[in-house]
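Take the sequences, apply the hints, and build the full model.
For the protein sequence lines, the chains are A and B, in the order given. Using the numbering used here, you'd call the opening residue of the first sequence number 188 and step up by one each time. Using the numbering used here, you'd call the opening residue of the second sequence number 188 and step up by one each time.
What the hints contain is simulated information worked out from the structure, not anything from laboratory work. Source: prediction; values computed, not measured. Take these hints with a grain of salt, some might be off.
A pair holds if it fits inside one copy or across any two, identical chains being indistinguishable in the list.
List time: in silico DMTMM-like cross-link candidates among lysine to aspartate or glutamate, alpha-carbon distance up to 20 angstroms [to be verified]:
| id | residue 1 | residue 2 |
| --- | --- | --- |
| 1 | K313 | D192 |
| 2 | K289 | D247 |
| 3 | K211 | D234 |
| 4 | K240 | D266 |
Listed below, chain by chain, are the residues.
There are 2 protein chains.
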Amino acid sequence: MSFYDATVPAFLQILGSLTGILTKAEAHCKAKNIAPDVLLGARLFPDMLPLTKQIQLVCDFAGKGCARLTHSEVPSAPDTEESFDELKQRLANTVAYVKTFKPEQFDGADTRDVTFPVGPATMTLKGQQFLNNFAFPNFYFHAATAHGILRHNGVEIGKRDFLGVN
Amino acid sequence: MSFYDATVPAFLQILGSLTGILTKAEAHCKAKNIAPDVLLGARLFPDMLPLTKQIQLVCDFAGKGCARLTHSEVPSAPDTEESFDELKQRLANTVAYVKTFKPEQFDGADTRDVTFPVGPATMTLKGQQFLNNFAFPNFYFHAATAHGILRHNGVEIGKRDFLGVN
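See the structure below:
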């Protein structure tokens with residue numbers, strides 16, 4: 188298989204599953220008469236990032252991850268989403284962007300250097316290491332944290348929703 | 188890079204980082220006079236799995252994942268851990284097991300069929316798909332959920348601990 192096969196489908200699976208999870212969260216708000224802002228701003232601890240920012244970061248680690256691996260221009264989206272619909276649109280935009288990549292753009296990307304910002308500094312890793320030790324763990328971390336925030340708030344979702352098989 | 192490079196280092200990173208996170212959780216218990224069982228049994232919602240089980244599942248998805256990809260005998264460890272030390276030993280045993288694999292055992296594993304149990308049924312995927320659409324998302328899901336449980340309970344950890352760079 189190609190390096191594309193190791194990268195793009197993994198991102199698409201979770202970007203899709205989060206769309207389903209947000210749909211369930213929105214329905215939960217309606218059913219329980221909860222203002223959407225309450226869930227969108229929910230956190231697992233006061234100094235953790237809220238749900239909205241977790242979703243925005245998931246999108247960034249997927250989209251920017253693909254761009255950095257393929258040495259494409261790194262996209263930038265302002266974090267302006269304020270509703271479930273807007274967050275689902277952000278996910279949809281990210282899915283569409285990730286799908287623009289062609290398998291051949293990833294050929295050899297596993298052994299090419301990727302230089303990326305880490306706080307105020309930069310780090311350089313081979314593409315495979317960038318993917319496995321930075322992009323994936325960050326991507327899944329924010330996705331699972333988003334799931335955990337909603338689960339903690341009583342939304343009826345489970346790991347099958349996270350995997351996108353529900 | 189090889190399929191080994193796409194697999195084993197990713198598992199080792201998080202298995203190591205969780206060891207550090209559990210060490211901080213144990214220190215938090217001592218500093219705040221919290222019985223370890225309280226954190227070990229903590230959940231984000233009553234019908235979610237507690238911290239101990241999250242760690243056990245992380246270990247299983249790493250160890251069994253490597254075994255299934257290489258068509259090795261799938262290891263089985265009883266879920267008997269009842270303390271931070273025992274959970275850290277389970278992580279250490281998993282690290283040692285994952286490190287027994289040689290790169291050549293993964294050669295061609297990305298395109299070989301992997302058949303694995305899913306609930307009462309079995310599923311067959313190519314190795315690459317098994318890794319990216321099943322083993323990784325499950326592995327990171329339980330790792331990030333363990334992190335979320337501890338974070339929610341006030342343990343002073345952050346994403347840098349999850350990535351193993353703290």
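Going down the list of hints, with the structure as the test:
Proximity of K313 to D192 under the C-alpha cut-off of 20 angstroms is found in both arrangements, the shortest distances being 17 angstroms within a copy and 11 angstroms between copies. Proximity of K289 and D247 under a CA criterion of 20 angstroms is satisfied intra-copy only: 19 angstroms inside one chain copy versus 34 angstroms between copies. Taking the shortest Cα distances, K211 and D234 sit within 20 angstroms of each other only across copies (18 angstroms), while inside one copy they are farther apart (26 angstroms). In this homomeric assembly, K240 and D266 come within 20 angstroms of each other (Cα to Cα) only inside a single copy, at 8 angstroms, whereas the closest approach across copies is 35 angstroms.
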